[in-house]
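Residue numbers (this note's numbering), protein chains in the order written: chain P, 1 to 282; chain F, 283 to 618.
Please keep in mind that the hints were generated in silico from the structure rather than gathered at the bench. All of these numbers come straight from a predicted model, not from anything done at the bench. All C-beta atoms in this analysis are idealised placements derived from N, C-alpha and C, irrespective of residue type, glycine included. There could be a bad hint or two in this list.
[What the hints assert, rightly or not] Cβ-to-Cβ under 10 Å is the rule here; a few derived chain F residues that face chain P:
hint, residue
1, Y319
2, W362
3, D363
4, L379
5, A393
6, I398
7, A420
8, I422
9, P423
10, V425
11, L490
12, A494
[Stated by the list, open to error] For each label pair, taking beta carbons as the anchor points, the in silico distance ranges come out as:
hint, chain 1, residue 1, chain 2, residue 2, range
13, P, G72, F, P455, 44 to 52 Å
14, P, M60, F, F433, 18 to 26 Å
15, P, H225, F, P347, 19 to 27 Å
16, F, L357, P, F24, 37 to 45 Å
17, F, A350, P, M132, 46 to 54 Å
18, P, M132, F, L332, 17 to 25 Å
19, P, K130, F, L357, 20 to 28 Å
20, P, H225, F, V460, 43 to 51 Å
[Stated by the list, open to error] A short list of chain P residues far from chain F (calculated; beta carbon distances all over 12 Å):
hint, residue
21, T51
22, I85
23, E208
24, H225
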Amino acid sequence: MSARQLRRRLTSGLMTGLVAALSFAAVLALVLILGHLVAQGASSLDWSFFTKNPVPAGEMGGGVANAIVGTGIIVGLAALIGLPIGVGTGLYLAEYGSGRLGWLVRFVADVLNGTPSIVVGIFAWTWLVKPMGHFSALAGSVALAVLIIPMIARTTEEMVRLVPHSLREAALALGYPRWRTSLRIVARTALAGIVTGCLVGIARIAGETAPLLFTALGNLNFTTHVLGPMQTLSLQIYVYATGPFDEWHRLAWAAALVLMALVLLLALSARRAMRQRHGAAR
Amino acid sequence: MTTLPIEPLPTPTRDNASTEGGIRGVLRGVNTGDRWYRAVLTALALVLPLLLLTLLAELAVSAAPAIARFGPRFLWSSTWDPVAQVFGAAPMIFGTLASSLLALAIAVPLALGVAIFLTEFAPKWIRQPIAFLVELLAAIPSVVYGLWGIFVLIPFLRSAVVPPLKAMLGWTPFLQGVFYGNSLLAGAIILAIMVVPYIAAVSREVLLAVPASQREAALGMGATRWEAVWTAVVPYGRAGLIGAVILGLGRALGETMAVTMVIGNRHDIGLSVLQPAYTMAAAIANEFSEATTSLYLSALFEVGLILFVITVVVNGLARLLIWRVARGTAVGSRAL
């Protein structure tokens, strides 16, 4: 083997090792972050953490019951507003989206998908908080809905497009009207994929903080009143992490662990739904 | 002889909603259900464009007083004095670009490495799990990254990274000053970890879209595996890979919480990565609720408007490039 050949072989081996090491590094980052979350947060998870509300600064103890309920309400409301619009838009793009309007909607969805969430936050502030005169969970939900609609629209479109054309043609040939074909045959077949998209979208907005800073604002008390300020886990983590007290930092880690678990649960169930779909297709 | 019982088809009327089986109705597309279906879907689809228009209009109207007062000077003036009512966004624009570009410098090799490893070298059974784990990085909420940055990354940088770095390269203008923790460097590293999954996922898709013949031709001519990847596969997907990087840039530019929590939030332009800096998103997050005068608020809206326009341009560019390679994929909404 000539020296040149040897050098080429060595380079190839080295670079293979390098890209493997880089992949390992990326996975290591994930493991480190999740590991720290568990290590720092798990010991604080007890019954009172889940059932109590925050206590005044300086006091020990307290929990995030209000934040957990608040996250549920704000994200749930956002999903309620966003999912129908998102799925409807996705169906439009898949069914009628070949024209100029389809192109426009697709482009706008992609633009909005890349919009910084803080910009959506100040938009919701001018649109809802300012006219209403007070911060509200509803404004937060609208901001999150603005973020979730383009995501859902694009994944729904993709999933619907994956449905084989023969299914649609068979239904139409049997005399099914187009709308029923679209809803009962095509969308029904793509359902698992659409649900996956929705779950991924919900997982993404559940962790959002920036759009809630000036809309839901945060609240130290337990509330279910959607027209007033409300706490979420993400806002609570932000306040506690940037605050000066060790006790707050402890609670921030615990709250982060809970939020992460929630997001992972959604993401994993999305993956499950997808797996089932693919399993059926093969 | 029996006659076949042929019934006349119901005459299709324009508002006959019950022609479910009505062939003519279907053929002529006059089914009322169809028309309603299309109308409803179109109405839903119009929400997004209207939303974008309202968003732009709201931002522009709210930013108008600041635009009228400061003009283009806003972009390069570095005075940000709420008391004197003078605002210039140069430090934030600089900080946004600096932190994002620095983040890309770290993230791009990492993400490309992941994508190349997963598409070219990794054993089959390991590909899906690694791809999933890397994508999970995108599922971690920004505020959790910030928390980790404050309590894990910054102490680590302070004790293990910055001292040797300063000892080696302390004479360069990039490592001047005392390192307190919150800094451009910390922000860039956090951003890098955050954008890796996006760049890796899109790059992977791009590399997968490269025809196998490219690879095989190179191998057939005697190239080593790495040479095949580097001289045949990567150049083929270059436009898409650049698109992936720009997409990552778009993400980094608009990232708010994690950066706000570790970058130090100081209105300064400096070359040293060890010093605090500021980004546009962080400025809005920090100062919006304490903006006491309408001009102050308007200046922050102008910052938001600039940020929005920049990200729109950057994302538009990324999509064009990616579409050239992997046509029509909903880039970015795939990653978790």
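A quick look at each hint next to the structure:
1. The beta carbon of F/Y319 is positioned within 10 Å of a beta carbon in chain P (closest approach about 3 Å), and the interface hint is therefore held.
2. Proximity of F/W362 to chain P is violated relative to the hint, the smallest CB-CB distance being about 18 Å (cut-off 10 Å).
3. Interface hint at F/D363: violated, since its Cβ lies 21 Å from the closest Cβ of chain P, which is beyond the 10 Å cut-off.
4. Annotation: F/L379 was flagged as interfacial toward chain P, and the flag is violated, the nearest CB pair being 14 Å apart, outside 10 Å.
5. A cut of 10 Å between beta carbons decides the hint on F/A393: the least distance to chain P is about 8 Å, and the hint holds.
6. Because the closest C-beta pair between F/I398 and chain P is about 5 Å apart, less than 10 Å, the hint holds.
7. Annotation: interface hint on F/A420 holds; nearest CB of chain P at approximately 8 Å, less than 10 Å.
8. The closest approach between the C-beta of F/I422 and any C-beta of chain P is roughly 6 Å, which is under the 10 Å cut-off, so the hint is satisfied.
9. Annotation: F/P423 was flagged as interfacial toward chain P, and the flag holds, the nearest CB pair being 3 Å apart, inside 10 Å.
10. Hint status for F/V425 relative to chain P: holds, with the closest Cβ pair at about 4 Å, below 10 Å.
11. A least Cβ separation of about 15 Å between F/L490 and chain P goes past the 10 Å threshold, and the interface hint is therefore violated.
12. Proximity of F/A494 to chain P is violated relative to the hint, the smallest CB-CB distance being about 19 Å (cut-off 10 Å).
13. At roughly 50 Å, the beta carbons of P/G72 and F/P455 sit within the given window of 44 to 52 Å.
14. In this structure the hint that P/M60 and F/F433 lie 18 to 26 Å apart at CB holds, the actual value being about 19 Å.
15. At about 34 Å, the CB distance of P/H225 to F/P347 disagrees with the hint of 19 to 27 Å.
16. Distance hint check for F/L357 and P/F24: the Cβ-Cβ separation is about 42 Å, which falls inside the suggested range of 37 to 45 Å.
17. Taken as a hint, the range 46 to 54 Å is violated for the pair F/A350 and P/M132, whose Cβ atoms sit roughly 27 Å apart.
18. Distance hint for P/M132 and F/L332: a CB-CB separation of about 20 Å, consistent with the stated range 17 to 25 Å.
19. Range check, P/K130 to F/L357: about 26 Å between beta-carbon atoms, so the 20 to 28 Å window is met.
20. Checked against the hint of 43 to 51 Å, the pair P/H225 and F/V460 passes, with Cβ atoms roughly 48 Å apart.
21. The non-interface label for P/T51 is consistent with chain F: the shortest C-beta to C-beta separation is roughly 23 Å, beyond 12 Å.
22. The Cβ of P/I85 sits about 5 Å from the closest Cβ of chain F, inside the 12 Å cut-off, so the non-interface label is violated.
23. A beta-carbon of chain F is positioned within 12 Å of the beta-carbon of P/E208; the least distance is around 7 Å.
24. P/H225, annotated as away from the interface, keeps every beta carbon of chain F farther than 12 Å; the closest lies near 21 Å.
The structure shown violates the earlier hints numbered 2, 3, 4, 11, 12, 15, 17, 22, 23.
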